[in-house]
Amino acid sequence: TQLLEQSPQFLSIQEGENLTVYCNSSSVFSSLQWYRQEPGEGPVLLVTVVTGGEVKKLKRLTFQFGDARKDSSLHITAAQPGDTGLYLCAGYSRTGNQFYFGTGTSLTVIP
Amino acid sequence: NAGVMQNPRHLVRRRGQEARLRCSPMKGHSHVYWYRQLPEEGLKFMVYLQKENIIDESGMPKERFSAEFPKEGPSILRIQQVVRGDSAAYFCASSPPGTGTYNEQFFGPGTRLTVL
Chain A
1 TQLLEQSPQF LSIQEGENLT VYCNSSSVFS SLQWYRQEPG EGPVLLVTVV TGGEVKKLKR
61 LTFQFGDARK DSSLHITAAQ PGDTGLYLCA GYSRTGNQFY FGTGTSLTVI P
Chain B
1001 NAGVMQNPRH LVRRRGQEAR LRCSPMKGHS HVYWYRQLPE EGLKFMVYLQ KENIIDESGM
1061 PKERFSAEFP KEGPSILRIQ QVVRGDSAAY FCASSPPGTG TYNEQFFGPG TRLTVL
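Chains as they are written, first to last, in my numbering: chain A, 1 to 111; chain B, 1001 to 1116.
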């Protein structure tokens, strides 16, 4: 089983603060996805990172894939209440065409 | 281009009844994955299907649960003789065959099952 651990599990911050969410594994993945899920909805794909060391930016969100393709981080600058949600990372393995989901980080941004 | 569709969005069943959850993948996607989610928790993998084939059902309970993805029509997750512990949100995701370096899953809005 290829496990992905996310940290922290819960995070509550004030609007305007910065934060980083981590996604770690002992397994190597072909690519890694980040999703955000709002209450009552399905996860929405934010980004896919493919190359070791790759950095992608999506407005105030910065995603990085570890050099060894075993871990990833999501950094949010100047968090806003609209960023509130459950953030999920998922590693993709070409072997078996399978996706392995992290344990999730529940983010609350307080106005 | 319609996304992944699931129906019903909400389903209420009494203990002992059957629940049928449907999932239509995105156009061009031939792979379907089912997940279960409890409140405040992450996604738990249940089963991975291609058209007419179950590829991996390692996450699905051996009893009462079954899944299919027929040649025509949506994928169906079927729960027989539901119990209160089956109450959860069930999500379906679809992906292309994944012949390249990477692949991506796209999720439906989920079906929220409540067992009374």
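If you're looking for bench data, these hints aren't it; they were derived computationally from the structure.
One or more hints might be untrue.
Computed footprint of chain A on chain B; a stretch qualifies when at least three of its residues, placed anywhere within it, have a C-beta under 8 Å from a C-beta of chain A [as the list claims (entries may be wrong)]:
no.: 1; region: 1041-1050
no.: 2; region: 1103-1110
Below, a list of computed lysine to aspartate or glutamate pairs in the DMTMM-like style, where the Cα atoms sit at most 20 Å apart [claimed, not checked]:
no.: 3; chain 1: A; residue 1: K57; chain 2: A; residue 2: E41
no.: 4; chain 1: B; residue 1: K1062; chain 2: B; residue 2: E1104
no.: 5; chain 1: B; residue 1: K1044; chain 2: A; residue 2: E5
no.: 6; chain 1: A; residue 1: K56; chain 2: B; residue 2: E1057
no.: 7; chain 1: B; residue 1: K1044; chain 2: A; residue 2: D83
no.: 8; chain 1: B; residue 1: K1027; chain 2: B; residue 2: E1057
no.: 9; chain 1: A; residue 1: K57; chain 2: B; residue 2: E1104
no.: 10; chain 1: B; residue 1: K1044; chain 2: B; residue 2: E1057
no.: 11; chain 1: B; residue 1: K1071; chain 2: B; residue 2: E1052
no.: 12; chain 1: A; residue 1: K70; chain 2: B; residue 2: E1104
no.: 13; chain 1: B; residue 1: K1044; chain 2: A; residue 2: E38
No experiment lies behind these values; they were computed from the predicted model shown.
From the three backbone atoms N, C-alpha and C, an ideal C-beta is built for every residue, glycine too.
Hint-by-hint comparison with the structure:
1. 1041-1050: Coverage by chain A holds for the region 1041-1050 of chain B (5 residues, Cβ < 8 Å).
2. 1103-1110: It holds, with 8 qualifying residues against the three required.
3. A:K57 - A:E41: violated, 24 Å
4. B:K1062 - B:E1104: violated, 28 Å
5. B:K1044 - A:E5: holds, 14 Å
6. A:K56 - B:E1057: Given that 20 Å is the threshold and the Cα spacing comes to 34 Å, the pair is violated.
7. B:K1044 - A:D83: Status violated; Cα separation ~23 Å.
8. B:K1027 - B:E1057: Violated, because 24 Å separates the two Cα atoms, which is more than 20 Å.
9. A:K57 - B:E1104: holds, 18 Å
10. B:K1044 - B:E1057: holds, 12 Å
11. B:K1071 - B:E1052: holds, 6 Å
12. A:K70 - B:E1104: holds, 17 Å
13. B:K1044 - A:E38: This hinted pair holds, its Cα atoms lying about 17 Å apart.
The structure fails to meet hints 3, 4, 6, 7 and 8 from the earlier list, while all remaining hints are met.
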